[in-house]
Amino acid sequence: MSGLGNITKKEIRELLTPATFVPIILVALIMATMGNSIQDIQEQSTAPPTIGVITEDNSTLGVVASTLLHSHAKSVYNSTSTADLQKGLETVKQHNGVAVIIIPRNFTERITQEQPGTLQVYWIMKGAGLMDSISSSALESLITFINMNISKELIRENTSINASFVLTPTQRVETTYFKNREFVGLSPSTISGMLSSQSLLIPIVMMMIIIMAGSIVIASMALEKENKTLETLLTLPVKRTSIVSGKIIAAAFIGLILAIIYMVGMQFYFSGFQFSSGVNLAAYDLVLTSGDFIWIGVSLFLALIAGLSLCMLLGTFAKSYKSAQTLTFPITMLAMIPMFITMFADFETLPLALKIFTFAIPFSHPMMASRALLFHDYTLVIGGIVYIAIFALVTISIVVWVFKTDRLLIGTTKFKWLKALKRRR
Amino acid sequence: MPAVEVKNLVKKYGSIDAVKGISFSINEGEIFGLIGPNGAGKTTTLRVLSTLLSINGGTVTILGHDLSKKSGEIRKLISYLPEDAGAYKNLSGRAYLQFIANFFDPEEVPSMVKKGIEISNLEARIDDRVDTYSKGMMRKLLVGRALMTKPKLAILDEPTSGLDVINAQEIRKLVKSTAQTGTTILLSSHNMLEVEYLCDRIALISDGKIVEEGKPKSLMEKYKARNIEEVFIRTVRE
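Chain order of the listed sequences is E and L.
Just so you know, our numbering puts 334 at position 334 of the first sequence, and the rest follows in order with no gaps.
Just so you know, our numbering puts 150 at position 150 of the second sequence, and the rest follows in order with no gaps.
Hints were generated in silico from the structure; no laboratory data involved.
These figures come from a predicted structure and were not determined experimentally.
For every residue, glycine included, the Cβ atom is placed at its ideal position computed from N, Cα and C.
Incorrect hints may appear among the rest.
What the hints assert, rightly or not - Within a straight-line C-alpha distance of at most 30 Å, the following computed DSBU-like cross-link-like pairs (lysine-lysine) qualify: (1) 89(L) with 404(E); (2) 222(L) with 319(E); (3) 114(L) with 69(L); (4) 89(L) with 319(E); (5) 69(L) with 228(E); (6) 215(L) with 404(E); (7) 74(E) with 93(E); (8) 89(L) with 150(L).
Stated by the list, open to error - Cβ-Cβ distance ranges computed for the label pairs, FRET-style: (9) 129(L) with 355(E): 49 to 55 Å; (10) 407(E) with 129(L): 30 to 36 Å; (11) 398(E) with 12(L): 21 to 27 Å.
The shape of chain E in the complex, shown without the other chains (with noise of 0.2 Å):
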């Protein structure tokens, strides 16, 4: 054999082992389920939008809007009076929909007096995350449209209409109704900005969080493991709860620092956003309260807790320094994988197998904790919290167990599967 190829063949041999390949196909399942679960989504919102029309206007240009809408939308509910709108945010809901639309009856009338014609639109906001948005952007287009039209017939119809008239001959008034609550003057587009704002912090605080605290924990073991430190602690009079809990603790502390670091930052972002969007947040009680902060601390501790758990789990099968960093990708994957979940869509709009799938991340919690909180839902914060701290327990236990057994110290295993791996090494 060449030097090239015995060369070649000696790095393969490697580099073909279980740390470095168990990690990618994991994460390409997680990749694959996540993909079809979005495309699923995607699907369900490119489809014309779900809507009903309220036509008061039987006038020229309100029949134009009434049948742009119907022909360019799916109009479950239609009526012509006002006085139905309740039973039509009903049936639309019921249909899945996005919004009313009510033409009212002095549309036409107003915009031949060189009026804006208004358009009001209830909205049935579903959830936040840009993924919940595209049924809404789609019916703000055809609003655009519907605009455009009517802009078209004012011209056809009358050439010497005023020209910045002609170009907005009508206006939206708009009320969303989200989680059981109604926001007047505001559009799902609107507040979606406000929330992400107000939340997108978290995600991305949670995440370098666990990437560095985790990285710390699985190299102090690999560590120990390439500093030949580990046997002499192992016959310490120690026990093996309390070297597995000090490693947790120490980088918790770290970790902890850093993260009150990054809630002092945040806070300060916080209050420089809350009227940025020209809103009054507090108007509409979307500010957090300190009580509030608590709960995302202690989510945010324990999911910390949690993943440092898992990570000394993943430490355990670390041999060096150099095999540490390998295990640090699935916690970093594990990590960002929520955090473009929750920006994505909202945890109540996910399908049911994305749902148990983000629920089950200890670090999905810190990162919805904020927005479920912005509306008062405790259940999910503190389900939420009982799960990390659930988490946390079981796998710190198995990790004292693995502390227990001779695999830390020869890395024996009772999987056939495993053990053909390293036998092919």
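With the hints as your guide, set chain L onto chain E.
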């Protein structure tokens, strides 16, 4: 009562039988040597006795405690020096000794650290970071660490491994004097001169079994050998 009593000890790594039912006992204050070729099962036996590995068969009693049930109690009484051990590189020699001593009686910590420094003979460099130490200095620090706690049983795997002649001799003297204070010592070594010089009794282990056991002098007479090395070669070949 013997300090260590091993009966029919069996240790397996999956399908591999590393130790195949060995039995031996060590008296209190005795220096007992476990000698054998590479892969014979010496280190596995020492790791079992140090509470690091579980057993698949037989019984081990250390200082009156059953290893399978009272490993926590045993750890308070023993000290283990692995063949290929290290220390925390970011700590100074003194901080490392202090870290280890903190696991024992708080009142004894200053005297333990003092003794550790004395044993390791590293006074001039004790406040330097461990990662600046030579291999010999590191080994002396670790021997100091292992013996400063005044263990009832010291388990030393190749205590002079990688040391030059002078340092190795210092360590041997230290082991001998430690045994004179009442500490029982179980050691393994490839160095037959060392074994002959240090051990009151030895056990020759080959392929996971003890093939010979006794006082070095008696074994040499039995095999009409000039030294333990010849005894070792003959027993292993047989």
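- prompt: Looking back at the numbered hints, which does the structure fail to meet, lowest number first?
  reply: Of the numbered hints given earlier, those the structure breaks are 2, 3, 6, listed in rising order.
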